[in-house]
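Chemist: Spelled out from the first residue to the last, the chains are:
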Amino acid sequence: MTGVIQGGTEFVIAAYVVTALVLGGYTASVVARFRRARRGTPPR
Amino acid sequence: MAPPPSSAGKAPFFLALGVALLLWGSYWGLFLAPGERFMGEVQRIMYVHVPTAWNSMLVLTVSFVAALGFLFTNRWGYDHVLEASLEVGLVLGALLCVQGSIWAKPTWGVWWDWDPRLTSTAVLVFSVGGILALRAFVDDPVKRAVWSSVCTIVAYVDVPIVYFSVRWWNSLHQMQSTPQTVSSAFHWPLRINAFGVLFLWIGLVMLRARLAALRLQEETSVPEPVR
Numbered sequence: 001m002t003g004v005i006q007g008g009t010e011f012v013i014a015a016y017v018v019t020a021l022v023l024g025g026y027t028a029s030v031v032a033r034f035r036r037a038r039r040g041t042p043p044r
Numbered sequence: 045m046a047p048p049p050s051s052a053g054k055a056p057f058f059l060a061l062g063v064a065l066l067l068w069g070s071y072w073g074l075f076l077a078p079g080e081r082f083m084g085e086v087q088r089i090m091y092v093h094v095p096t097a098w099n100s101m102l103v104l105t106v107s108f109v110a111a112l113g114f115l116f117t118n119r120w121g122y123d124h125v126l127e128a129s130l131e132v133g134l135v136l137g138a139l140l141c142v143q144g145s146i147w148a149k150p151t152w153g154v155w156w157d158w159d160p161r162l163t164s165t166a167v168l169v170f171s172v173g174g175i176l177a178l179r180a181f182v183d184d185p186v187k188r189a190v191w192s193s194v195c196t197i198v199a200y201v202d203v204p205i206v207y208f209s210v211r212w213w214n215s216l217h218q219m220q221s222t223p224q225t226v227s228s229a230f231h232w233p234l235r236i237n238a239f240g241v242l243f244l245w246i247g248l249v250m251l252r253a254r255l256a257a258l259r260l261q262e263e264t265s266v267p268e269p270v271r
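Chains as they are written, first to last, in our numbering: chain E, 1 to 44; chain P, 45 to 271.
Do not take every clue at face value.
Okay, the calculated beta carbon distance ranges per label pair [said to hold, decoys possible]:
| no. | chain 1 | residue 1 | chain 2 | residue 2 | range |
| --- | --- | --- | --- | --- | --- |
| 1 | E | 2 | P | 219 | 32 to 40 angstroms |
| 2 | P | 156 | E | 40 | 14 to 22 angstroms |
| 3 | P | 112 | E | 9 | 41 to 49 angstroms |
| 4 | P | 194 | E | 13 | 22 to 30 angstroms |
| 5 | E | 9 | P | 116 | 36 to 44 angstroms |
| 6 | P | 227 | E | 39 | 45 to 53 angstroms |
| 7 | P | 184 | E | 13 | 29 to 37 angstroms |
| 8 | P | 81 | E | 40 | 19 to 27 angstroms |
| 9 | P | 152 | E | 40 | 18 to 26 angstroms |
| 10 | P | 119 | E | 20 | 34 to 42 angstroms |
Listed below are several chain E residues computed to face chain P (Cβ distance under 7 angstroms; list not exhaustive) [as the list claims (entries may be wrong)]:
| no. | residue |
| --- | --- |
| 11 | 8 |
| 12 | 11 |
| 13 | 19 |
| 14 | 22 |
| 15 | 32 |
| 16 | 34 |
Quick look at which bits of chain P chain E covers, simulated, 3 or more residues with Cβ under 8 angstroms [what the hints assert, rightly or not]:
| no. | stretch |
| --- | --- |
| 17 | 79-89 |
| 18 | 166-175 |
| 19 | 197-203 |
No wet-lab data here; the hints were simulated from the structure.
Using N, Cα and C, we set each Cβ at its ideal position, and we do this for glycine too.
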């Protein structure tokens with residue numbers, strides 16, 4: 001036991017992937033809803 | 045003079061700036077910044093987790109101000125910003141909990157702990173979700189705006205509790221980091237990502253508020269007679 005966390009790269013990748021998916025997905029959803037509303041079709 | 049609700053205004057600029065800064069800061073944090081002495085590689089999660097935490101509190105502060113603004117002035121612009129900032133706050137708050145959970149597993153050995161910081165954050169996320177659910181159920185725009193403003197002010201009491209929970213109680217979660225407690229090698233990716241998330245949510249709130257304005261316009265417009 002060294003007191004130092006060994007490895008953990010998979011957790012780092014998971015955190016960045018989740019962040020990209022959530023922020024990217026939500027941004028895409030807002031842009032799509034805004035465009036739909038501007039065209040006059042009811043937003044889903 | 046404010047642009048019409050159908051115009052995206054400056055939102056695309058803020059969205060693009062936010063994405064560019066996040067890509068730059070994340071590249072720096074993942075590949076250029078050194079690993080931390082005790083946490084090693086896992087500490088790189090800090091570059092997305094801490095900016096998300098700061099900005100989720102900030103965007104909910106915008107909700108609080110918008111709620112007060114609507115109750116004092118009855119101007120619909122505040123209600124649109126309230127709806128937008130609550131939704132963005134919910135997304136950032138939920139993301140914060142997931143990132144924290146991913147960081148907790150290799151450092152604490154558990155995905156979740158009912159520690160004061162984590163519990164108060166979860167309460168905040170569920171409160172914001174509840175307010176948005178309330179907005180979805182109430183048809184009358186005036187009642188919807190007043191009720192959700194009052195609920196937002198009540199829910200906002202939890203924000204300082206989240207912030208100070210690590211000082212007030214024994215917490216598994218570490219204390220707030222300051223420039224004095226974080227090595228200067230970690231400052232830049234942290235700051236760049238913090239501004240990245242900041243500009244991203246500013247763009248999102250602007251666009252989402254316009255969407256709320258368009259929906260209200262549609263809700264309150266008088267139907268045309270059938271010819």
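Chemist: Determine for every hint whether it applies to the structure shown.
Modeler: Here is how each hint holds up against the structure:
no.	hint	verdict
1	E:2 with P:219: 32 to 40 angstroms	24 angstroms, violated
2	P:156 with E:40: 14 to 22 angstroms	44 angstroms, violated
3	P:112 with E:9: 41 to 49 angstroms	45 angstroms, holds
4	P:194 with E:13: 22 to 30 angstroms	42 angstroms, violated
5	E:9 with P:116: 36 to 44 angstroms	51 angstroms, violated
6	P:227 with E:39: 45 to 53 angstroms	50 angstroms, holds
7	P:184 with E:13: 29 to 37 angstroms	47 angstroms, violated
8	P:81 with E:40: 19 to 27 angstroms	58 angstroms, violated
9	P:152 with E:40: 18 to 26 angstroms	51 angstroms, violated
10	P:119 with E:20: 34 to 42 angstroms	36 angstroms, holds
11	8	4 angstroms, holds
12	11	5 angstroms, holds
13	19	5 angstroms, holds
14	22	5 angstroms, holds
15	32	10 angstroms, violated
16	34	5 angstroms, holds
17	79-89	holds (count 8)
18	166-175	violated (count 0)
19	197-203	violated (count 0)
Going through the hint list in order, the structure does not satisfy hints 1, 2, 4, 5, 7, 8, 9, 15, 18 and 19.
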